[in-house]
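K.L.:
Take the sequences, apply the hints, and build the full model.
The lines below spell out each chain.
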Amino acid sequence: MLTAEEVTRLQTEAAEVRKEAIKMATRAGTGHLGPALSITDILWILYSRFLRYDPKNPAWPERDRLILSKGHSCLALYATLAKKGFFDESLFQTYCNKLHTLLGGHPERDLPGVEANTGSLGHGFNIGIGMALAGKADHLDYKVYTILGDGENQEGTIWEGAMAAAHFKLDNLVAIVDRNNLQVSNYVDRVMNIEPLPEKWASFGWGVKVVDGHDFHQLEEAFSSVPFVEGKPSVIIAKTIKGKGIPFAENKVEWHHKVPSAQEYKELDEMLGLGAL
Amino acid sequence: MLNKLPITNKKAVRVAYGETLVELGGLDQNVVVLDADVSSSTQSKLFAQKYPERFINVGIAEANMMAVAAGLAACGKIPFVNTFAVFCTLRAGDPLRSVVAYPELNVKIAGGYSGVSDSYDGATHQSVEDIAIVRSIPNIKVIVVADATEARLATMAAAKLKGPVYLRLSRAEVPIIFDADYHFVFGKAHELVPGDDLTIIANGYMVYKALEAVRILNQKGIYPRLLNMHTVKPLDEEAVLKAARETGAILTVEEHSIYGGLGSAVAETLGQNYPVPMKIMGFNDRFGETGGYDEVLAKMGLSAEEIVRNAENLLTKKAKR
Ligand SMILES: Cc1ncc(C[n+]2csc(CCOP(=O)(O)OP(=O)(O)O)c2C)c(N)n1
Numbered sequence: 001m002l003t004a005e006e007v008t009r010l011q012t013e014a015a016e017v018r019k020e021a022i023k024m025a026t027r028a029g030t031g032h033l034g035p036a037l038s039i040t041d042i043l044w045i046l047y048s049r050f051l052r053y054d055p056k057n058p059a060w061p062e063r064d065r066l067i068l069s070k071g072h073s074c075l076a077l078y079a080t081l082a083k084k085g086f087f088d089e090s091l092f093q094t095y096c097n098k099l100h101t102l103l104g105g106h107p108e109r110d111l112p113g114v115e116a117n118t119g120s121l122g123h124g125f126n127i128g129i130g131m132a133l134a135g136k137a138d139h140l141d142y143k144v145y146t147i148l149g150d151g152e153n154q155e156g157t158i159w160e161g162a163m164a165a166a167h168f169k170l171d172n173l174v175a176i177v178d179r180n181n182l183q184v185s186n187y188v189d190r191v192m193n194i195e196p197l198p199e200k201w202a203s204f205g206w207g208v209k210v211v212d213g214h215d216f217h218q219l220e221e222a223f224s225s226v227p228f229v230e231g232k233p234s235v236i237i238a239k240t241i242k243g244k245g246i247p248f249a250e251n252k253v254e255w256h257h258k259v260p261s262a263q264e265y266k267e268l269d270e271m272l273g274l275g276a277l
Numbered sequence: 001m002l003n004k005l006p007i008t009n010k011k012a013v014r015v016a017y018g019e020t021l022v023e024l025g026g027l028d029q030n031v032v033v034l035d036a037d038v039s040s041s042t043q044s045k046l047f048a049q050k051y052p053e054r055f056i057n058v059g060i061a062e063a064n065m066m067a068v069a070a071g072l073a074a075c076g077k078i079p080f081v082n083t084f085a086v087f088c089t090l091r092a093g094d095p096l097r098s099v100v101a102y103p104e105l106n107v108k109i110a111g112g113y114s115g116v117s118d119s120y121d122g123a124t125h126q127s128v129e130d131i132a133i134v135r136s137i138p139n140i141k142v143i144v145v146a147d148a149t150e151a152r153l154a155t156m157a158a159a160k161l162k163g164p165v166y167l168r169l170s171r172a173e174v175p176i177i178f179d180a181d182y183h184f185v186f187g188k189a190h191e192l193v194p195g196d197d198l199t200i201i202a203n204g205y206m207v208y209k210a211l212e213a214v215r216i217l218n219q220k221g222i223y224p225r226l227l228n229m230h231t232v233k234p235l236d237e238e239a240v241l242k243a244a245r246e247t248g249a250i251l252t253v254e255e256h257s258i259y260g261g262l263g264s265a266v267a268e269t270l271g272q273n274y275p276v277p278m279k280i281m282g283f284n285d286r287f288g289e290t291g292g293y294d295e296v297l298a299k300m301g302l303s304a305e306e307i308v309r310n311a312e313n314l315l316t317k318k319a320k321r
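These protein sequence lines are chains A and B, in that order.
The first sequence begins at 1 in my numbering and counts up by one.
The second sequence begins at 1 in my numbering and counts up by one.
Do not take every clue at face value.
Claimed, not checked - If you want the ones that stay clear, here's a sample from chain B, every Cβ over 12 Å from chain A, calculated:
| id | residue |
| --- | --- |
| 1 | Lys10 |
| 2 | Glu19 |
| 3 | Ser39 |
| 4 | Ser41 |
| 5 | Ile60 |
| 6 | Gly76 |
| 7 | Thr124 |
| 8 | Asn139 |
| 9 | Ala159 |
| 10 | Lys188 |
| 11 | Lys233 |
| 12 | Glu246 |
| 13 | Phe287 |
| 14 | Thr290 |
Said to hold, decoys possible - With beta-carbon atoms standing in for the labels, derived distance ranges:
| id | chain 1 | residue 1 | chain 2 | residue 2 | range |
| --- | --- | --- | --- | --- | --- |
| 15 | A | Gly273 | B | Leu27 | 38 to 48 Å |
| 16 | A | Ala59 | B | Gly301 | 47 to 57 Å |
| 17 | B | Gly301 | A | Arg49 | 41 to 51 Å |
| 18 | B | Lys11 | A | Arg109 | 34 to 44 Å |
Simulated from the structure, these hints should not be mistaken for laboratory data.
Virtual Cβ for every residue (Gly too), placed ideally from N, Cα, C.
P.N.:
Following this line, the structure appears as structure tokens:
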């Protein structure tokens with residue numbers, strides 16, 4: 001159980017991560033802000049309380065691995081990794097802003113802390129399966145966490161992987177589905193319904209929990225009870241809000257790939273205290 | 001006809017394509033359009049708005065989309081499949097090869113966001129190997145679009161052709177090179193600029209870069225021929241060989257890997273029939289990256305200045321023969 005103070009602290013810190021994401025996107029005039037803001041709380045609690053890592057030794061073989069399968073949400077990952085000491089926050093200035101930046105439009109392994117080059121949806125999750133298999137083979141007790149989009153669940157490879165992970169009894173694997181109900185073109189259920197999602201994952205042989213992805217108590221409870229079922233991989237279906245933290249962007253389809261205008265930035269600055277770009 | 005440099009009018013190739021899909025939808029009830037959740041990117045959304053009953057959004061499931069299109073084509077429909085070039089040639093590459101191309105079904109594949117036109121999304125969303133893939137698959141015709149005018153004409157032509165056609169499109173707003181009189185003939189190179197010193201063969205956005213280069217070369221007293229080779233397959237071998245015989249040196253420029261694309265096609269023809277000094281300009285066995293569109297292209301050596309430099313090198317080689 002988290003104390004009230006711990007929750008407040010996580011919330012305050014996650015708000016700082018959101019601010020950096022907003023600032024990077026605004027500065028560069030490009031980026032997938034909505035998809036980053038829905039997973040910020042999940043990333044923050046994982047890097048604050050669950051992942052085992054050493055930011056000064058990102059290649060440590062025994063580290064836990066986190067793969068952002070929905071790679072387009074990298075703004076949240078960049079901000080989180082820097083705040084956790086993987087690289088200097090001055091790099092934020094280079095996000096999509098100069099050639100050969102380490103902080104590009106999608107994550108790349110050249111950046112300390114990034115485990116996989118994602119961006120092509122429906123592969124990062126499967127890379128995680130490989131890493132979980134390697135952990136078992138090497139008798140290392142690390143865990144592998146992968147964050148998927150709900151729309152990403154439409155890719156066939158996700159279900160090929162879900163089948164494989166259960167078959168290989170990968171109880172060191174945790175998938176988090178960012179259930180923000182939106183994809184690029186519309187609401188997920190209008191584009192291509194993926195429900196009943198918990199039942200689908202369960203029927204593929206996974207332990208399943210459904211939580212509020214912005215409620216640190218629920219996230220804490222879920223992550224501390226992994227694996228949910230002995231010998232099975234675990235999936236957390238996290239109900240989230242795309243664009244969370246920007247009132248006028250929340251649950252708005254166009255904020256998949258929209259960045260604040262100068263006026264909107266001013267508004268946000270007054271609301272959140274973003275400061276100069 | 002050619003617009004005069006400098007060209008200030010620009011239009012996104014993807015918008016012209018989307019508008020043409022709508023036009024086609026009105027002309028033929030059998031035209032159906034598929035997309036995999038990126039209709040706002042590909043602009044197939046314009047068709048979706050006009051003809052929702054003939055628009056199919058399969059969700060983020062490109063391989064499924066390609067095979068579904070095969071089924072539609074087998075029932076007499078004319079499906080236009082839309083997603084990023086990288087996803088329709090690689091993610092959906094196996095069904096493209098084995099269930100569309102092999103039985104020669106009438107599916108039109110629109111590769112949006114080709115080259116590095118989606119420059120800020122980086123290498124996973126860019127495509128510098130798509131032509132190599134589709135060119136090596138039997139039965140697929142390949143067209144690379146240079147501007148908005150050509151986008152419309154090429155899309156109309158693709159609809160008329162029988163069998164699979166790969167249309168290489170772009171996200172970018174690019175200068176409108178061709179005016180309304182432009183005569184697009186599938187399978188035939190288009191001579192933009194006459195000349196005898198050497199021949200520059202380009203396609204896509206590189207046609208514009210080549211035009212800029214020709215202007216600089218002219219100022220130096222060098223008069224290259226410029227061919228827009230919009231159709232990469234089947235290649236207009238006659239035009240290539242004529243250029244080789246008449247100008248004695250060939251420079252190809254494409255927003256694609258130097259392996260397997262336009263340059264390779266031209267080299268295959270020259271090497272087996274009439275070798276002359278040549279140079280292939282493109283991505284030198286490397287991925288794209290994040291950055292401004294022209295900035296990334298320039299870093300890869302795809303700029304008017306580099307075209308000029310390579311043209312001059314070729315002239316030196318030609319003189320030594
Ligand atoms: C294989 C593949 N197809 C298409 C895309 C383009 N694309 C980028 S994000 C996205 C939507 C993702 O939706 P979802 O998984 O629900 O994540 P969200 O952004 O809503 O959090 C799409 C289709 C891609 N990156 N990869």
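K.L.:
Each hint should be assessed against the structure and marked as holding or not.
P.N.:
Hint by hint, here is what the structure shows:
1. Lys10: Nearest chain A Cβ is 18 Å from B:Lys10, so the label holds.
2. Glu19: 19 Å, holds
3. Ser39: Nearest chain A Cβ is 5 Å from B:Ser39, so the label is violated.
4. Ser41: 7 Å, violated
5. Ile60: 4 Å, violated
6. Gly76: 25 Å, holds
7. Thr124: 3 Å, violated
8. Asn139: It holds; B:Asn139 is separated from chain A by about 25 Å at its closest Cβ, greater than 12 Å.
9. Ala159: Since the minimum Cβ distance to chain A is about 24 Å, B:Ala159 lies beyond 12 Å and the statement holds.
10. Lys188: Given that every Cβ of chain A is farther than 12 Å from that of B:Lys188, nearest at about 36 Å, it holds.
11. Lys233: 26 Å, holds
12. Glu246: 39 Å, holds
13. Phe287: Nearest chain A Cβ is 10 Å from B:Phe287, so the label is violated.
14. Thr290: 3 Å, violated
15. A:Gly273 with B:Leu27: 38 to 48 Å: Once the Cβ atoms are compared, 56 Å apart, the range 38 to 48 Å for B:Leu27 and A:Gly273 is violated.
16. A:Ala59 with B:Gly301: 47 to 57 Å: This hint is violated: roughly 33 Å between Cβ atoms.
17. B:Gly301 with A:Arg49: 41 to 51 Å: 48 Å, holds
18. B:Lys11 with A:Arg109: 34 to 44 Å: Holds - the Cβ-Cβ distance for B:Lys11 and A:Arg109, about 38 Å, lies within 34 to 44 Å.
This entry does not satisfy hints 3, 4, 5, 7, 13, 14, 15 and 16, going by the numbered hints stated previously.
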